[in-house]
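Chemist: For the record, the sequence lines run as chains A and B. Per this note's numbering, the first sequence starts with residue 1, numbered consecutively. Per this note's numbering, the second sequence starts with residue 1, numbered consecutively.
Hint data in this document are derived by calculation from the structure and do not stem from the laboratory. Where hints are given, some of them may not hold.
[To be verified] Lysine to aspartate or glutamate pairs mimicking EDC-like chemistry, simulated, CA-CA at most 20 Å apart:
| no. | chain 1 | residue 1 | chain 2 | residue 2 |
| --- | --- | --- | --- | --- |
| 1 | A | 365 | B | 513 |
| 2 | B | 561 | B | 501 |
| 3 | A | 105 | B | 501 |
[As the list claims (entries may be wrong)] Quick list of the computed label-pair ranges, beta carbon to beta carbon:
| no. | chain 1 | residue 1 | chain 2 | residue 2 | range |
| --- | --- | --- | --- | --- | --- |
| 4 | B | 435 | A | 199 | 44 to 52 Å |
| 5 | A | 269 | B | 576 | 52 to 60 Å |
| 6 | A | 269 | B | 361 | 38 to 46 Å |
| 7 | B | 357 | A | 103 | 43 to 51 Å |
| 8 | A | 93 | B | 200 | 34 to 42 Å |
| 9 | A | 12 | B | 72 | 29 to 37 Å |
| 10 | A | 262 | B | 469 | 54 to 62 Å |
| 11 | A | 49 | B | 148 | 29 to 37 Å |
| 12 | B | 72 | A | 211 | 40 to 48 Å |
| 13 | B | 148 | A | 438 | 52 to 60 Å |
| 14 | B | 361 | A | 58 | 36 to 44 Å |
Fair warning: this is a prediction, and the values are worked out from it, not measured in the lab. Idealized CB from N, CA, C, for every residue including glycine.
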Amino acid sequence: MKEYRTITQIAGPLLFVEKTEPVGYGELVNIVLFDGSIKRGQVLDTSDEIVVVQVFETTAGIGRDSGVRFTGETIKMPVGKEMLGRILSGGGKPIDGGPEIVPEKRLDITGAAINPFARQSPEEFIQTGISTIDGMNTLVRGQKLPIFSGAGLPHNDIALQIARQARVLGAKESFAVVFAAMGITKEEANHFMADFERTGALERAVVFLNLADDPAVERIITPRLALTTAEYLAFTLGMHVLVILTDMTNYCEALRQIGAAREEVPGRRGYPGYMYTDLASIYERAGVIHGVKGSITQFPILTMPGDDITHPIPDLTGYITEGQIVVSRELHRKGIYPPINVLPSLSRLMNLGIGVGHTREDHKKVSDQQYAAYAEGNDLRGLVAIVGKDALSERDRMFLEFADLFEDRFVRQGRDENRSIEQTLDLGWELLSTLPVEQLVRIDRGLIEKYHPKFRKAPQAAAQAAQR
Amino acid sequence: MEVKEEKTIRGASGVLRRISGPVVTAVRLEAHMYDLVKVGREELMGEVIKISGNDIIIQVYEDTSGIKPGEPVVNTGLPLSVELGPGLLKSIYDGIQRPLSVLADKMGNFIERGVSAPGLDRSIKWDFKPTVKPGDKVGPGSILGEVQEMNIIHRIMVPPTVKGGIVTFIKAGKHTIDEVICELDDGVKLTMMQKWPVRLSRPVVEKLNPDIPLLTGQRIIDGLFPIAKGGTAAIPGPFGSGKTVMQQQLAKWSDAEIVVYIGCGERGNEMTEVLTEFPHLTDPKTGKPLMERTTLIANTSNMPVAAREASVYTGITIAEYFRDMGYDVSLMADSTSRWAEAMREISSRLEEMPGEEGYPAYLAARLSEFYERAGRVKTLNGKFGSVSVIGAVSPPGGDFSEPVTQNTLRIVKVFWALDAKLSQRRHFPAINWLNSYSLYLDILHDWYAEHVSHEWNDMRAWAMEVLQKEAELQEIVQLVGSDALPEEQQITIEVARMIREVFLQQNAYDAVDTYCDMTKQFDMMKAIRKFSDLAYAAQAAGILPQQVMSVKSKNDLPQIKFIKEYKPVLSQLLEQMDKEINALRGGIQ
Ligand SMILES: Nc1ncnc2c1ncn2[C@@H]1O[C@H](COP(=O)(O)OP(=O)(O)OP(=O)(O)O)[C@@H](O)[C@H]1O
Ligand SMILES: [Mg+2]
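Turn these sequences into a full structure, and let the hints guide you.
Modeler: The following block contains the structure:
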């Protein structure tokens, strides 16, 4: 392989190389330093005169004397079943002291788009054991559902609880987990690793770690390595894979950094104009395919800068993913775990995965009614702050109390509390029964008579009486 | 512009000089703007978008990884075109009309590049029934005959670019789309297929006034903010506010004869949903499967951006083609913002001087050219047809002041403003009734009076007034609580709540409520108005608002949304309402 020593310019993570033979767009590049060590990069722009290379590591040590080798192929990831249980760097190198991965296949890390015609609608209910998710924002297998959080909120605990508890009812095997960390602290990473080890999840996990002090540009490839691995596990080996990507905010920062180095016209808040397309090339790598056994379910985690949901990172993410779970600082301050605010949260695929044959016939209506009641109660809190409780009508007071009860009983649960979907729905009914029956306008009569505690107790009591 | 014959221009082959993502530069290439070219050894499809000295700049519809300077580029000499003819319906295409089903057969579950596939299947034989005979004179756009394509009569037309003449030969029977079925006296041979360059609108005789509503079965649309057949509408809203659900509702239930649905830079699973759901749904008017009147274009967010840019043109050209047969076509584009972003991405690769927020300066022009292709028209063959265009807009941060929303609003006549506050409360469709508008109200006034009821227009105005009034009262309630309002105003608030919860809220996922015809809409609104009249009268007679509001018949009213044969239930409820409120009044006397 030919080695060029024609670097003319180094700007941020970019190298400009002159007088090369024709180089392919997107090619993997090896940069050889004076001490023989090798750094990796990728071709961003290629022409007869100049080739622009983006380096995935720090450019420290690279100079005009460094050698540049074009490998003639795009970046590939060696994948294999052996990867389960392994810990790799954000660039895909083993860092757990174990042997090199013996690849079964080498796959292009950008992946190809799943043909929409080949996709199958995701519809298998995943029970996470968390009421606010299962009851109100149901997750299905093959969905991409991000967690929108803020700095200092317990999103990692929620993600871990989901990874631990997620089950498809009736399915024997549990999920394989592909975990990709981008720019998180060592401490956070340890927290994840300790939990994986404690629960034995590591055996069925592949971990990619790009930590806060690892090169920022490496973050561009970390999620792609993780998803390439996940696709192999899912669509070649037939496993059901849960992919956790954290923290996507750091990924976007790296993207912005490269855009700036290329002197591109920046979009909103300095992020590149193509960030939507770029994020889509990550998030769309989830789903179920007709006639293929495995699936990929994605849980990207991001921290909203300034808790602002209209910031480009959560905004563009929300436009691509199939809903979002919003973690609220206000609930966290009230000491409620998991502090999930159901009002701005959404699962767009919920309707496909609930009801008869999936969960229970009353699921949709109970969820709708709880939403409406909680939203109404929550609105009234603003009013109470101004006019006081006394100015409220009887009806308003009941809704206000419902909102408190909902947060305290339905939202709040233990870090290891794994509620079944029946428990979640029954709990919902119990809370709704604090409202007069005629206020439950979103539920039809038939369901009320079947599931409402008031009506349920009666036949039970009668049955008990009959037994005696 | 003339449609050129398909042949490779001699000497029109050059070499690549530069590759930068979806934009590549070729030199030593003879080319014109918007020529279709084949890029590199793998012959990836591309289109000339800029000529600068010796540099020919091309946007490539497929991934360019691995392509090197020095590889060949060949000019086809043709503009990017779609194939029009039997076989369009029930198809799902990517942005440049490659059938996704064929791509799946050829390359499996993932879309690899470098595979070409014609838009229409050459192997199917269609039964052609001529409607002209030798000796007849035909001109551009004339109908030559018919093919039964599932439930649609597909009219075979003389291409608009063919001058016309005397039919010398016409052949009935089963043919593929590339067999000659007709010859004219000047020697022109015609098949059942024609091609049309996507960036060019198909000619018509004249544009007509859009004075018939496109009925959608969605109460807030048909009832408050209607769109006309041949009209234009925009649905802007933040993520998760219901744009796609609304677009899909319109694709399902609007009383168009043909539907073109463009998934432009959106989710793969949404297209899958349409593909799985539509075949099981039937048109409430004709009882025929909805899929059989539908063409889907799916260029999802992770598919190449240049093809995304082309997808809306591909879609609207297909829509115009069916319009030319005399059909009412409705076209949904979800989302036009992703289209605009594709323009921005390409423009920035061209290093063009950016306009507002990095969008190219020609954004407004492109948007208006696109929406101008909508309309109710008299076609070249004298029939009447229409294309209605409904575009979703996805403003960053849900802020409507951004360029795509603003430039769209300057063109479209109907604005359905989605509101995150409503969707978070699960008030669906989350169309804000205070901000939205329809400029077709006046022109449709007579239609509603004639076909729904002479009372309708008045009732609509009444409902809007109540909602408006409620908004004002709510401001006061926020300060003093609802109990502090005068009794009469408490009733207004309650009636407004009924309009919102009974009439405006409509559950897309309920088997019955998902579609509501005009008769039912009228009956529902009338029932609410009846309650309103009774309630004010009772209040005037000294009855407490709380008593009137808690009558059972009123609380049961929402149930009729979910009942298909609602008429008997409704008339019983209204009777009961009279009785209950009279009883209250009786109690006082
Ligand atoms: N008419 C409706 N009836 C019931 N639910 C609805 C309705 N409209 C929207 N929803 C709910 O809102 C969710 C989001 O709607 P939708 O996917 O259409 O949003 P969107 O505006 O297209 O978002 P994006 O811009 O991210 O694509 C749906 O998944 C559904 O749960
Ligand atoms: Mg959408």
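Chemist: Hint by hint, which ones does the structure fall short of?
Modeler: Of the numbered hints given earlier, those the structure breaks are 3, 6, 8, 11, listed in rising order.
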